[in-house]
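Visitor: Protein sequence lines correspond, in order, to chains A and B. If you number the first sequence the way this note's numbering does, the last residue is 238 and the count never jumps. If you number the second sequence the way this note's numbering does, the last residue is 362 and the count never jumps.
It should be emphasised that the hints constitute simulated quantities derived from the structure, not laboratory data. Be aware that one or more of the hints could be misleading.
Claimed, not checked - Take a look, some chain B residues computed to stay more than 12 Å from chain A by CB distance: (1) 2; (2) 63; (3) 85; (4) 96; (5) 185; (6) 189; (7) 210; (8) 213; (9) 230; (10) 267; (11) 273; (12) 309; (13) 317; (14) 346.
Claimed, not checked - Derived, one-sided and incomplete: chain B residues facing chain A with beta-carbon distance under 10 Å: (15) -5; (16) 1; (17) 3; (18) 5; (19) 54; (20) 261; (21) 265; (22) 269; (23) 270; (24) 275; (25) 280; (26) 308; (27) 311; (28) 355; (29) 357.
Beta carbons are placed, not taken as given, at the ideal position from N, Cα and C, and that holds for glycine.
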Amino acid sequence: MVTLALDGISKVYGDASDQVIALDNASLTLERGELLAVVGPSGSGKTTLLAIAGLLLRPTSGRVILNDREVGDLTDREMAELRLRYIGFVLQSSNLLPYLTARDQLLLVADLAGRRDRNAGNRADALLEELGLGSRKQHYPDTLSGGERQRVAIARALMNEPEVILADEPTANLDFQRGHEVVSMLAREVRSRNTAAIMVTHDERMLDLCDRIVRITDGRLAIDARQGAQEVTLSER
Amino acid sequence: MFLALRELRHSRLRYLMIALVITLVAWLVFLLSGLANGLATDNGAALKNMDADGLVYQADVRFYLHRSILPMSDVAAIRDVEGVKDATPLGHLTITTTPEGKTDKIDATVLAIDPDGFLAPHITSGQMFDPAASDQVVVNSTYKRYGVALGDVMLVEPSGTRLTVVGFTEKQTYNHLPVVFMSIPSWQGLKYAAPGSSGSIVDPISAVAVKGDGGIGDRIDAQVSAVEFASIQTAIQNLPGYSAEMGTVTTILVFLFVIAALVLAAFFYVITLQKTNQFGVLKALGARMPYLAWDLISQVVILTIIGVALGAGLSYLVASLIPADVPFALSNSLVVTYGVVLLVVSLLGTILSLVRIARIDALIAIGRVD
């Protein structure tokens, strides 16, 4: 079942005389239970793709469909509301608030949605346990390791039971082992919860954990068959 | 409030310092307002506490009581003016007194009155002076601090005129000096001792206190020659030094409020700039502006209330320790008023930060868009 679809998305920056085409007629569908990797060199348009998929940026042309609903003409306010309800973000290293404990990072999401109650507390505890952070609940980000921080970020992204998780270079500041651990946890959660995730990365070593790989070059998308990741995961199931 | 409280708790030192700044500013504001209030009372209490609607002075003396001289006959003339309910004479003189057998020199303001008129002060101990006994006076409680008691004799410098204290009153000061109440004839004997010193005026007084309706000022000025009416408020404003004192203190207060606003504005603006990326993340997560604005405002309100409360506490502490002869009077209504002004001023200081936060784009959370 398709949860997010980008249909013929283009994004052009600058005015007519000095145009930069960041995305050129890019189309993509994301299905439930799927972890999709977007790889490409810097400047290829992958961050723009993520921003548009995450409802942070409007495309110049093309349609974004989230849960069978086109989100083209929404106001900033409505986009924020959709982000809060349907999208989870796992961003680069510095995306936790320094003054919140691991548990409070999760409760913040519930508070933003106006639903910080006992259920939210239980859910936050369960998520942290699940990601191996049971003993780190009351720790502040500066006392957590890089891998732990990204696990907290994954738990936070799962807090609002999102349709789509968007991960922006989640392994950027981690060594291979920690990075691999974080991505495999993300893949595990995506599959067990039947949600979906797009991970933007430049780290080819993480691709074996992904179901599908999309390569992006100069704003154009190409489905990558070389890695054979799809077969691997299918056989695992 | 979720974020506000947690951030205050986590960055304790930083927010404690700004709360301390607010405390000191509030403390200074309250001390100054107490001083202003005390000075005003000290300077004009006798006028403020008069049960009169206005004073009639000699024309063109800029409402200076010490320059004004009127004939006693004006009292009757003023009483005849339509709308005037009552009028009573007032005499003024600044003297230096020395309690007999001591060397203390105590400056005082003599206010000469009719003991049966409406200017008669409230006697707290002893009795009202007898107008027939020219040496009897009622003095302000200030004299008790110099060891003066009922029945004591004071000498007026340099003439050596003897005054006997027969009663005490309170809250009667004029020009920062304690008031000595005496009869009009006794006062005339002091002020116009030298023959001809009152010029052509027979039976001189300084001014006439009047009670009446709102239109009496214009009618008195029109119907009685060479006089000028001033409401009690105008009379106080025109006390020598009064507007200079109040102007100085008011200027300092206004500067303090501006400084408080700027310090808070700069502090929160720098913190907001520092947190730009955090606001980006919050917005990406779906936080809307009212949520973020309320967060900042509640931090400012909490810090300001803590600062103002501590400042007020310290001010009341100082007020209780300050010696009685320092003109200092902290009033609860002033503390509340200036506390609210500080709160409003600190909220104004957040506008800059709020505008900044509103302009932050959630996009920065995912780094530079390529």
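Visitor: A cut-off of 12 Å on Cβ-Cβ distance, and residue 2 of chain B was said to be off the interface with chain A. Does that hold?
Guide: About 4 Å separates residue 2 of chain B from the closest Cβ of chain A, which leaves it inside 12 Å; violated.
Visitor: A closest beta-carbon separation below 10 Å is what the hint needs, so does residue 357 of chain B meet it against chain A?
Guide: holds (6 Å)
Visitor: Does the CB of residue 265 of chain B sit less than 10 Å away from some CB of chain A?
Guide: violated (15 Å)
Visitor: Classify the label on residue 189 of chain B as holds or violated, using whether its beta-carbon is more than 12 Å from each beta-carbon of chain A.
Guide: holds (79 Å)
Visitor: Take a quick look at residue 85 of chain B and tell me if its Cβ sits farther than 12 Å from every Cβ on chain A, holds or violated.
Guide: Since the minimum Cβ distance to chain A is about 69 Å, residue 85 of chain B lies beyond 12 Å and the statement holds.
Visitor: Does residue 5 of chain B hold up as a contact with chain A if the rule is Cβ-Cβ below 10 Å?
Guide: The hint is violated - residue 5 of chain B has no Cβ within 10 Å of chain A, the shortest such distance being about 13 Å.
Visitor: Regarding the hint that residue 355 of chain B lies at the interface with chain A, is the smallest CB-CB distance below 10 Å?
Guide: holds (5 Å)
Visitor: Does residue 311 of chain B hold up as a contact with chain A if the rule is Cβ-Cβ below 10 Å?
Guide: Result: violated, 38 Å to nearest chain A Cβ.
Visitor: Checking a non-interface call: every C-beta of chain A should be farther than 12 Å from the C-beta of residue 210 of chain B. Is that right?
Guide: holds (63 Å)
Visitor: Can you verify the interface hint for residue 54 of chain B: is its Cβ closer than 10 Å to any Cβ in chain A?
Guide: Violated - the Cβ of residue 54 of chain B stays beyond 10 Å from chain A, reaching only about 62 Å at its closest.
Visitor: Does residue 270 of chain B pass the interface hint, meaning its C-beta sits closer than 10 Å to a C-beta of chain A?
Guide: holds (6 Å)
Visitor: With 12 Å as the threshold, tell me whether residue 63 of chain B passes as away from chain A on beta-carbon distances.
Guide: Since the minimum Cβ distance to chain A is about 79 Å, residue 63 of chain B lies beyond 12 Å and the statement holds.
The structure shown violates the earlier hints numbered 1, 10, 11, 18, 19, 20, 21, 26, 27.
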